[in-house]
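Engineer: First to last, the protein sequences are chains D and W.
Heads up: take any position in the first sequence, counting from 1, add 2, and you land on the working numbering.
Position 80 of the second sequence, counting from 1, maps to 66 under the working numbering, and the rest follow consecutively.
Treat the hints with caution; some may be incorrect.
[Unchecked claim] Under the rule of at most 35 Å between Cα atoms (straight-line distance), these lysine-lysine pairs were calculated in the DSBU-like manner:
#1 D:Lys57 - D:Lys80
#2 W:Lys(-5) - D:Lys57
#3 D:Lys110 - W:Lys(-5)
#4 D:Lys113 - D:Lys75
#5 W:Lys(-5) - D:Lys72
#6 D:Lys75 - D:Lys110
#7 W:Lys43 - D:Lys57
Because the hints were derived from the structure by calculation, they are not lab data.
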Amino acid sequence: AQTVTQSQPEMSVQEAETVTLSCTYDTSENNYYLFWYKQPPSRQMILVIRQEAYKQQNATENRFSVNFQKAAKSFSLKISDSQLGDTAMYFCAFMPHQGGSEKLVFGKGTKLTVNP
Amino acid sequence: DSGVTQTPKHLITATGQRVTLRCSPRSGDLSVYWYQQSLDQGLQFLIQYYNGEERAKGNILERFSAQQFPDLHSELNLSSLELGDSALYFCASSVTGLAGGHEQFFGPGTRLTVL
């Protein structure tokens, strides 16, 4: 069974600075997908970024980028120029490559606070 | 707004009761997923339906059941409720295909409190 580990339960960063959230996962599969979801205080789950395991290039979305290390089974999220609106729980998630069955396996989350 | 709707937003009930949570997926999405978010278990996948058929099952209790109707809306039925069933229940939808890896769009959730 796949597992996802987020070793940092809580983190804080000053506005405009950069922060990196860690995620490791365990799988025997070669093809899969990785995601970071954000859950602000409103509780809405919002996709931040997506990575396909067969792509070596790290995904980026504006201020958000990942460092994907397949051999190490590591998938960290870097947030640049942190904004107050980035305050949220961040969940790393794994999706096995099984066409038609796309369940997400989530980590326990990291609570990020951006301070003014 | 993700385009996924869930009703009700909040539900308070007593132990031993039965409740039904409802989800309408985004227009065009054939897959519906149910997740449970609780303090002790985190976010857990319960079940997936694709175009009316069960496609994948996670750690869903036997007291829980789900279905997807011809109009693609889905219902999650929780029976013989226990205190530990108190949680936030999310529905998500996606375009599902053989390629895999599609983004799941989450609804706002139903907060269930069992007293």
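Engineer: All hints, please: hold or fail.
Structural biologist: Status of each hint after checking the structure:
1. D:Lys57 - D:Lys80: Holds - the C-alpha atoms of D:Lys80 and D:Lys57 are around 18 Å apart, at most 35 Å.
2. W:Lys(-5) - D:Lys57: violated (39 Å)
3. D:Lys110 - W:Lys(-5): holds (23 Å)
4. D:Lys113 - D:Lys75: holds (22 Å)
5. W:Lys(-5) - D:Lys72: Violated - the C-alpha atoms of D:Lys72 and W:Lys(-5) are around 39 Å apart, more than 35 Å.
6. D:Lys75 - D:Lys110: holds (17 Å)
7. W:Lys43 - D:Lys57: holds (28 Å)
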